[in-house]
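Using the sequences provided together with the hints, build the complete structure.
Sequences listed follow chains A, B and C, in order.
When we follow the working numbering, the leftmost residue of the first sequence carries the number 1, and every step to the right adds one.
When we follow the working numbering, the leftmost residue of the second sequence carries the number 1001, and every step to the right adds one.
When we follow the working numbering, the leftmost residue of the third sequence carries the number 2001, and every step to the right adds one.
Honestly, the hints are just simulated from the structure, not real lab data.
Misleading hints may appear alongside valid ones.
Said to hold, decoys possible - Restraint-style ranges between C-beta atoms, simulated for each label pair:
| hint | chain 1 | residue 1 | chain 2 | residue 2 | range |
| --- | --- | --- | --- | --- | --- |
| 1 | A | P48 | B | V1269 | 30 to 36 Å |
| 2 | C | L2072 | B | P1056 | 34 to 40 Å |
| 3 | C | P2061 | A | L322 | 18 to 24 Å |
| 4 | C | Y2023 | B | V1269 | 35 to 41 Å |
| 5 | C | S2104 | B | F1063 | 25 to 31 Å |
Since the structure is predicted, the reported quantities are computational estimates derived from the model, not experimental observations.
Here a beta-carbon is modelled for each residue, glycine too, at the ideal position from N, C-alpha and C.
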Amino acid sequence: MRRSGLVQLSAAAAVAAIALTACSSGGSTELDPNADISEQTLTISTWPEYYSPTLAEDFEAATGVKLNIVHHATNEEGFAKVTASADSGIDIVFLAGNFISVLVEEGLASEIDQNAVPNLENLYPEVRKFAFDPDLKHNVPYAWGTTGLCYREDLVAETPDSWADLLEPAPEAVGKTTLMDDMRWTFIPAQRLLGYSINTTDEAELDEVGAVLKNAAQKSLAFDNTTYGEKLIAGEAVISHGHDGWCNTAASEDPRVSFAMPKEGSDLWVDGMVLLKSSKNREAAHAFMNYILETENQTWLVENLLYNVPNRAAMESLPDELFEKYPALIRDGASLAQMEQIEDVGDAIDIYNRINTEIRAG
Amino acid sequence: MTKPVRSYRSRQTRAVGAILTLGIPGLFLLLFVAVPLGVVLVSAFFKRGRIGGFKPEFTLENFAELTRPVYAQVLGSSLLMSATVTLICLVVAYAAVWAMRTLTPRGRIIALVAILIPFWTSFLIRAYAWMLLLGDAGTINGALQLFGVIETPLRMLYSPEAVILVLVYLYLPLMILPLAASAEGLDSSLGDAARNLGASPWRSFRTVDLPLTLPGALTGAVLVFVPSMSNFVVPDLIGGGRVLLIGNVIQDQFLVARNWPLGSVLALVLLLLLVLLLVAQSMVIRRIQGGSK
Amino acid sequence: MSAPSMSKTGSKVLSRIALALLYIFLYVPIIVVIVMSFNSGRSVLRWEGFSLDWYVKAFSPGPLMSGLQVTLIVALASTAIAVVLGTMLAIGVHRYARGPLARSLATLPAFIPDILLGIGILSMFGLAKAAIGLHSVILAHASFEIAIVAAVLLARLGSMEKSLEEASTNLGASGTTTFMRVVLPQLAPAIVAGAALGFTLSLDEFLMAFFTTSTNSQTLPIQIYSMVRFGVTPEVNALAAVMFVVSLGAVLLAQRIVMPLMFRRKP
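So, in structure tokens, the structure goes:
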């Protein structure tokens, strides 16, 4: 088939690139040009349903590498898994930018041999300037986007346009809202509503944020990162704090679901693939990252999950109708790249953790 | 009965025997129970590592953190919730065991086994089954709407009441079994005697049955109270993240907040509560067994 | 607790109703899950047709089956360790250290909250910078199972007929011979009972495993937890149905074997 042929070509290209690299300089990446990647097994940890259901089979067909996929529901969970012990058994972990920067700081992220991932050129140039990993030394971006209000058009009195619609719900939405479960993202609606930076470390500001969220939690249905789409479709929830991509997916299943950007603004999140230093399957890992960046493979995420990907080649290869139908899908990578990103807050995370506990203690 | 005279050789064999049979398992338990508990105790005084784990530097900041009102609040609501669950289990268990007295001995065994069978299905599946039942789009709401009892679904899931219900469901067998075991030893003639002497059924229950089954009831109470305090799965799945028990907070410290020392401090508090509970239980048992002879 | 003779029938009816309610409460959730396992759709409210697909999915290679494999390995290994060490411990306490302190210490691990042992072992491995994995779960499970086996055996040893043991010694048999030929055979059923109890507890143990596993050693309860967090999972329904049928079958089988034994031997 044309598709697998192209993919096999790319895998071959990757292996060739690896061979070239090893010949050129003894870089810290140390990829073995003679490695038979079909003997390697790759374990990746990512969000459930964040990838094509046939990914493992397709990748094995293309490269001979056996792919083992494990799941994490939140960034915290994924991060905890790869840091809990010296060798977590995971080769590549999908995490958001602020977690990637911590992995890099702690020396757990391997440097990526960019020559072995030639498809990096498919990406928007802006991704190379991101603070969490300048020049893409340690991660390969997978998807990006924002979070906002995911809601049922037919169950709200007015179209929501502010975080207040979520945090101080109108009567028809009381007890029918969901907040995000992934800690830093839980805070965004309140931080934005109060006009604070999403990376603030000021304790007084955060206490205010905590008070708003505590109130909101009491009026909410649940904290939910992964099943709010189903809750909206079932009518259990009316307004959710949702990712643009998941919301689009719910909307494609049920047109009564819609996505709105609150006027106070939101964050830009970037999910990237990080190769861990403890991995023993580096060659297979590079082949995988290159495979994912293949235009055809990356479009799966856009077409099926309706997520934005930082892959310019992929975005531009898609039909215009898709972008007209789902305004949340944006071809203009530069404008997305300008939004504020969540950054690691260092020791101030203790304040966030305490407030997180207080919010949920009801 | 005279003890056989022990020769020097048999004393030696005895010593070897003691070292082997007590020493080897003892070493294992030391390594994998005592040392871990010791680590938890000691790590409560450590600083947190940047991304988890510990920095072995002495500090009291974790205990200071404990004084924040939120932890007292969570501990309080955990105690209250576990006590509620235990009380409900106690009442239901007594009712069940009382009802089983009217069965034949063979019937009683069947009845007890029938209580155990669901218990052997995975505990997670049994908790998850309630999500199917209690959800807005779940079986109970579906049935109620079908029969026209209600029009809009009742909100049952994601509440403290739902968490209590599911905890009772999960731990009820642990209360029924010890209670039934201690009730087996009850001689019905004592109860008959009490009533022949004019006592009402309730009085007979209170003065005869209750004291005699108290050991079983207390065992059951401890078996229910402790796991329901440290359970985090049920508050997570059934509480929707909005019901926070001490088990959740501890788990949180290790896997989300990655503040292991704080988690250790909280776990120590839990251990302290358990010890107090066990001491109280043995004190009560000793009092009633000393009293009613 | 006997019922007063006046309203014996009345209380009998009340008892029957009470028990019926209890069993409805205990079984309805499981029955719903079993019924749903045959529903080709995912929603509890809509029956979309009979299907065995979920059974096929559940028992094909995947997280559930690998979880089952891990769980069985952990249960077998930990029970094996526990039987050996637990028996040794019980005998040691019974022969050499019969006081209440020793008994309590031997059985204490079974009462420690799972979560405490779990984080303890995780912390210990973390401090020693040792990797966690299958071995850490097995060790954690073995720890509490040893206490369980020891507890069961100590109870049995306590009520065992001493006269046989004494007769054997008086007749000149050495301690070891007495042990092997007299004590051990009597202990055998209790050892089996303790092992069975420990094995069963290990199969469904979640909390300890949750803290002490790594990605490549996820037990079945952990896999189920990961799956149900993301909503209704019909494969789990199918697995639940099978587990239920298996435990029902085991009980019925045991009943056919055990009940006649129990009710034949009147004291």
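Would you say the C-beta atoms of P2061 of chain C and L322 of chain A sit inside 18 to 24 Å of each other? Roughly 35 Å apart at Cβ, these two residues miss the hinted range, so it is violated.
Verify the CB-CB distance for Y2023 of chain C and V1269 of chain B against the hinted window 35 to 41 Å. Holds - the Cβ-Cβ distance for Y2023 of chain C and V1269 of chain B, about 38 Å, lies within 35 to 41 Å.
Is 30 to 36 Å a correct range for the gap between the Cβ atoms of P48 of chain A and V1269 of chain B? 35 Å, holds
Distance restraint hint 34 to 40 Å, applied to the beta-carbon atoms of L2072 of chain C and P1056 of chain B: About 38 Å separates the Cβ atoms of L2072 of chain C and P1056 of chain B, which means 34 to 40 Å holds.
Does the Cβ-Cβ separation between S2104 of chain C and F1063 of chain B fall within 25 to 31 Å? Once the Cβ atoms are compared, 29 Å apart, the range 25 to 31 Å for F1063 of chain B and S2104 of chain C holds.
In this structure, only the earlier hint numbered 3 is contradicted, and the remaining ones agree with it.
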